[in-house]
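Protein chains: 4
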Amino acid sequence: MSTYPRISAQLDELETAVEEGRRKMEWARQHMPIMEAVREDFEDNQPLAGERIAMAMHVEAKTAILVEALAAGGAEVAVTGCNPLSTHDDVSAALDDVDNITSYAKRGVDDEDYYAAIEATIDLEPTITVDDGMDLVAAIHEDYPELIDTIVGGCEETTTGVHRLRAMADDGALEYPVFAVNDTPMKRLFDNVHGTGESSLASLAMTTNLSWAGKNVVVAGYGYCGKGVAKKASGQNANVIVTEVEPRRALEAHMEGYDVMPMAEAADVGDVFITTTGNRDIIVEEHFERMQDGVLLANAGHFDVEIDLDALDDLAVDRYEARDGVEAYEMADGRRLNVVAEGRLVNLAAPVSLGHPVEVMDQSFGVQAVAVRELLERAHADEYEPGVHDVPDELDREIAEIKLAAEDVDFDSLTDTQRDYMGSWDHGT
Amino acid sequence: MSTYPRISAQLDELETAVEEGRRKMEWARQHMPIMEAVREDFEDNQPLAGERIAMAMHVEAKTAILVEALAAGGAEVAVTGCNPLSTHDDVSAALDDVDNITSYAKRGVDDEDYYAAIEATIDLEPTITVDDGMDLVAAIHEDYPELIDTIVGGCEETTTGVHRLRAMADDGALEYPVFAVNDTPMKRLFDNVHGTGESSLASLAMTTNLSWAGKNVVVAGYGYCGKGVAKKASGQNANVIVTEVEPRRALEAHMEGYDVMPMAEAADVGDVFITTTGNRDIIVEEHFERMQDGVLLANAGHFDVEIDLDALDDLAVDRYEARDGVEAYEMADGRRLNVVAEGRLVNLAAPVSLGHPVEVMDQSFGVQAVAVRELLERAHADEYEPGVHDVPDELDREIAEIKLAAEDVDFDSLTDTQRDYMGSWDHGT
Amino acid sequence: MSTYPRISAQLDELETAVEEGRRKMEWARQHMPIMEAVREDFEDNQPLAGERIAMAMHVEAKTAILVEALAAGGAEVAVTGCNPLSTHDDVSAALDDVDNITSYAKRGVDDEDYYAAIEATIDLEPTITVDDGMDLVAAIHEDYPELIDTIVGGCEETTTGVHRLRAMADDGALEYPVFAVNDTPMKRLFDNVHGTGESSLASLAMTTNLSWAGKNVVVAGYGYCGKGVAKKASGQNANVIVTEVEPRRALEAHMEGYDVMPMAEAADVGDVFITTTGNRDIIVEEHFERMQDGVLLANAGHFDVEIDLDALDDLAVDRYEARDGVEAYEMADGRRLNVVAEGRLVNLAAPVSLGHPVEVMDQSFGVQAVAVRELLERAHADEYEPGVHDVPDELDREIAEIKLAAEDVDFDSLTDTQRDYMGSWDHGT
Amino acid sequence: MSTYPRISAQLDELETAVEEGRRKMEWARQHMPIMEAVREDFEDNQPLAGERIAMAMHVEAKTAILVEALAAGGAEVAVTGCNPLSTHDDVSAALDDVDNITSYAKRGVDDEDYYAAIEATIDLEPTITVDDGMDLVAAIHEDYPELIDTIVGGCEETTTGVHRLRAMADDGALEYPVFAVNDTPMKRLFDNVHGTGESSLASLAMTTNLSWAGKNVVVAGYGYCGKGVAKKASGQNANVIVTEVEPRRALEAHMEGYDVMPMAEAADVGDVFITTTGNRDIIVEEHFERMQDGVLLANAGHFDVEIDLDALDDLAVDRYEARDGVEAYEMADGRRLNVVAEGRLVNLAAPVSLGHPVEVMDQSFGVQAVAVRELLERAHADEYEPGVHDVPDELDREIAEIKLAAEDVDFDSLTDTQRDYMGSWDHGT
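Protein chains in written order, with my numbering: chain A, 7 to 435; chain B, 7 to 435; chain C, 7 to 435; chain D, 7 to 435.
The hints are simulated quantities; they were obtained by calculation from the structure and are not laboratory data.
There may be inaccurate statements among the hints.
Said to hold, decoys possible - The following residues of chain A were derived to be distant from chain D, with all beta-carbon distances above 12 Å:
no.	residue
1	Thr-9
2	Gly-114
3	Ala-239
4	Glu-327
5	Arg-403
6	Ser-419
What the hints assert, rightly or not - Here chain A is said to cover these stretches of chain D; the calculated rule only asks that three of the stretch's residues, wherever they fall, bring their Cβ under 8 Å from a Cβ of chain A:
no.	segment
7	32-42
8	346-356
Said to hold, decoys possible - Pairwise CB distance ranges, derived in the manner of DEER restraints:
no.	chain 1	residue 1	chain 2	residue 2	range
9	A	Ile-154	B	Asp-426	33 to 39 Å
10	B	Glu-291	A	Pro-392	51 to 57 Å
11	B	Glu-292	C	Asp-274	55 to 61 Å
12	A	Pro-392	B	Met-428	21 to 27 Å
13	A	Leu-420	C	Asp-330	51 to 57 Å
14	B	Asn-51	A	Leu-420	55 to 61 Å
Built from N, CA and C at the ideal position, the CB exists for glycine as well.
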């Protein structure tokens, strides 16, 4: 039994924190019309009654709206962070203050406490896990295999998490069904492109006070996150350079009008480097050696392994905080390479950072909420095998319709004639 | 046995036509580095030796480069058009003049001759069919079922064709394997978006002499073609309005910054209407009644059923050619609605139109060529069941690599460490 | 006395030409709401009664609408072309058929006839000249100085013309007042940016069947025309490279996100080169020597002196028409450099070209028409000194208001309080 | 004699503040290559030796680099803020610690202290004034006319300041020469467009955690600032709506593809409103009454008079801080209108705000520095009359060249032949 303390036991000025957390949540709630609709439905119909949900997510105001919706649906919820630097203690405290919710998330904890908090949520003996980065699934499979039998299923929020889950499933090691929430159109098309793109750039701008216009911005990786960063940087008049390992993506970037080149060449000309690959060792020693004085290095991928800071530290003759959240590594030849937010997810870990915009999380969490509902409805009936599952398309579509209605955006529907036409194959030229 | 005459028997000044057709093909060849590489490979290795290929495609210079590559690979080829207005007679004649190629394509034929020409190609008793709109597959299944046994497989070029093939397969009616070339990344990401987008707008501009800046351009449908048209119109400073029936696509357009509304509302404010849905009855009587004087109506979808011209004709009190390729329908209240290219595929059927740009067809036809090769290599060994098949990803990737090499675009490759990392699931936060 | 024949005396099938010319003019008229309003006003009020106007302009449908409006206002008009390749003979014939209008413009005339036609219009003994490139002003000052006394003033349409007029005025050589219509906001902000930009690219695309996506498009000069070409090319997903001689403009292009480099470097990497400088010798021998096989060379500046074709011809070992309007120059090493429209103004001289879009010319010609009216109202009273004059701002504003009304675009107006505030200087922080 | 205390006398932890201020300045200095070159030149040549400069500017790190350059050039400098909320006390302290610099700027002072600090700088009996908003010029003309005789001249940084100066000059009230630094190409083209655009949006995003994608963003005013905000918002996939009072600007926005409408209509549909007009009463009672729940209201114009907060307060039934820097005004019908940064300049006064990006201020302050040098060189010789003067073009060009050199951007130069051609007027078609 974990003895890791809930957040309320860790804070000094708890009442103030709870109040501030609530204010942050109210702002989020005001701009999350999908979750508002979902929460009302959950409150009325109690689809999660009697369930126990463990969550490892970025604990800040938007996530809190998902957590409270799940609790409103009848579940008992235990939540912790999925990144030591992304937790807002006040929101954590406000959540912990809600009935049926326990929060263990605290900002800045060390590795030991980070995993202790994860174990604390597992102590709930969850029937559902909700992950952003697969930490819960990994911990349960490694250390608490005895709990797997009672777990109905899980949801995974992020590209990297889904990637790892698939690798695990390929190894035959994943023993309960997990929804790849990350892979739904509603998540991928908006969260990764608009969310990561806008928030990473705004965090960088407000952390450094630098401009995008005319800058050579090197975007490593041209998946959905990379596309978002490239698109938004280009929209701020940066000259975007893309590095890729997949030829179709490289060609796609080239045809968009971006420069495409290997990182070894990009290192010579880039002013700002933003990694989005989900892979490791994207910017390494040979690149640091070629970079110009004053460059910015930032990461918008899930883990802090894309920029090889150990190698950079070895190269550096000096190292100092150039600005809050910016560490300058000074080379022997006087060049200064500025690493933002220690190479962690810049839109969450930079001093000026708020994670994804409220509206994109509204969409993404809307899918999470109905995916949890779906798991309970179907998976209890054993309809989902262990493994990674796509969220059923009609659920994703349901969330899109709620969003369009909230935005007062009207759209057409097929007539019967059109539906027939689309289903037929005998009409000619 | 068809007695439909090949193009050389239909033209008066044949020699001039052949010469002009060859000049057009040489220009295309100069800008189709992928096909150049494929043709060289086919000539050397004769992967299609002894095969008979029937093709119903837009017969103009770029397609001709595909046709000659297939013949260079050892096949006997019979080709006709897939749209009565898209054929270039001179290119048709130049093809017909090549060894092992017979062309029946002639511009402006009526329905009877159109289908007679298709039958003429079927007379070859093909082992492979290559379609752009499924006309060959449909004709063979309906009228020549006895040929199906000897057909190895087919390739389908276009969205609409694949859509109809899938409907046919769902009915259990498709009796040989067909590659959905249209669905490959190399086709979808470039042909539909860049090709349809750029060429439709340039054709419209050069047919009408009108400007895009500040125009309300209504794009019906937000699939790949619609996205292309919207993106390129926006890039010419149009104010883009999107109509859709699918909520995720509607939302995607909305989040891109476009206006999204039902056609019934768009009809009030649009200056230019471009349909891209692949469906019928997109612009109908109720819309015509609301449109402003002087609007342009054009179609970028495969078939000419998206704009209901019969209804428009019924409403009109007068009708005259306002400009080459532009038919003005005058309403009782004096409003003139200008239909471009009779509502047929505007980038092929407008008086100033050249189909897709050379470079995008180079990619698309590169996939076609290796897909035909694949069918023969594998399908003879019965590896492909009857039905619609995705083109194997490594073939698509092969074409991307050829293209990037031709453009001198270099890109990164994974290190072993990175490959291992991407395949592992045990690294934590 | 000139004996140069009017167009009606030069054409064989005159009636057909006139009819076709009228149809073209009707299409233009349908999309020129500003000129429609101006013409109605001129017809009613006859502000040009008794005047004689000589015009050297691109004689095609849109210009024809200006010509007929001036005639409708009471003037006698003689018109000829300002570029041997831009005249539409049918429009010229239709104009010549109108009362009080004589047209001498004919497509493809040689230098001798070109200037003879200009002299023919001067034979009218004009009170007003309307130029696009300063040919009339130059010819009158050089060869007909005796006419200057009776000339009230002139209008100049183009950047290059105004530039030359200012040089002439600086030399003290300009002896009557000329309005720099080119320099008005209504001309510069729309004609050069949107008009030149859109039409040059559409002409190039429809002349070559090539795509913009992923192309390195080198734009020489970053004035209004260059900005337009760069902006629209970028909007078609080209990778834009700018060359400039003025540091602020170079910096502006750089801050927009474009690559900026000297032509000597751009020559290595460009796929398409478009000159817009108004200067000569922009692309010369040293550049030809470095270019890749298959590049396109085109000019969007007024004169055909930006690309040094003589030098290119000297370098070439062969030269052939690769495509209508495209001359391939083959180098000794096999590289082919493709020159579009003989280096003349591409949006007017290419085989597929229509000049500026109708709507932009509507704005520009609206200013021309009211500038002519202004000259007569004020200059007869000697209010304008010899020299280059800005069109009075209220005239330019008048045209903008007519256009916005025609487009149903409503805008705000200042309250009295706001007007006072803008005129005051004593409010603090 | 003013007794207003310098900042060092007002702070408790002075040493820490000075250190932090210096760190901020070092970061700015690292990204201000123009100022670095200017400062080195000033140090070497002492062009300002013996002068006294009073400055009322936004006192933060970037401005500090200008202040220290002026001091390095030999001047004694007294500086204060030009906006009570834009001062960084630590930077103020670090400046005050420099030889020959006195700083009176303190964040959050009330009106009385604000003007007392301005008077304190005037106590220096300046020979040069440097303003951002004309406060110094106004105060000197109103209250210290006796100083005017010894003042050589001034510089004004901002649109609004220049506007007021011109009004003052029109009244014959401006008694010394002032450079309209704001009106230089180097300021206008970059500071207003890129600087205001990028920083306003990033501040708003990081203050509210909201997204731009798909938002209706109403930009009031389409001058340089409005263009920047519109361009950058559009580049983040907002749907931009522009309101204007000038028809050419309204048309320019319309032709860019933006929606243009009166504020009374925009009020119905806007999600975010950003004023940039420099005028007052842009958003008033009739607009508040029509707005949707949850809208954001922000100002990017110089003064806080664009949004009528008094009227909003009268309408509201409740008012609370929804988020740091966001005041929610609750209407009787439950709608909440969220005002950001009290309607003050959002990129300076929002809780997350840093003013303009470093690089744009580098350009703008480069011009300031050489303009001050110019005033001393020429104006002592009485070359500049009292009134508003344009900065000489060669100074502006000088700064552009320094910047391009710093960015390693090379550009072309005119050949003699080209220079002759541009100066001639006798070349024909």
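How the hints compare with the structure:
With a minimum CB-CB distance of about 35 Å to chain D, Thr-9/A clears the 12 Å threshold, and the non-interface call stands. Non-interface status of Gly-114/A relative to chain D is upheld: no Cβ of that chain comes within 12 Å, the nearest being about 21 Å off. Here Ala-239/A does not stay apart from chain D, with its beta-carbon only about 9 Å from theirs, under the 12 Å limit. Non-interface call for Glu-327/A relative to chain D: violated, since the shortest CB-CB distance, roughly 8 Å, does not exceed 12 Å.
A cut-off of 12 Å between C-beta atoms confirms that Arg-403/A is not in contact with chain D; the least separation is 18 Å. A cut-off of 12 Å between C-beta atoms confirms that Ser-419/A is not in contact with chain D; the least separation is 21 Å. Counting residues of the segment 32-42 of chain D whose CB lies closer than 8 Å to any CB of chain A gives 5, which reaches the minimum of 3, so the coverage claim holds. Proximity of the segment 346-356 of chain D to chain A, defined as three or more residues with a beta carbon under 8 Å from a beta carbon of that chain, is not established by the 0 residues found.
Against the hinted window of 33 to 39 Å, the Cβ-Cβ separation of Ile-154/A and Asp-426/B comes to about 27 Å, which falls outside the hint. Separated by about 55 Å at the C-beta atoms, Glu-291/B and Pro-392/A satisfy the suggested range of 51 to 57 Å. The hinted range of 55 to 61 Å is satisfied by Glu-292/B and Asp-274/C, whose Cβ atoms lie roughly 57 Å apart. For the hinted restraint 21 to 27 Å between Pro-392/A and Met-428/B, the CB-CB distance of approximately 22 Å keeps it satisfied.
A hinted range of 51 to 57 Å is violated for the C-beta pair Leu-420/A and Asp-330/C, which are about 44 Å apart. Under the hint 55 to 61 Å, the C-beta atoms of Asn-51/B and Leu-420/A, about 47 Å apart, miss the expected range.
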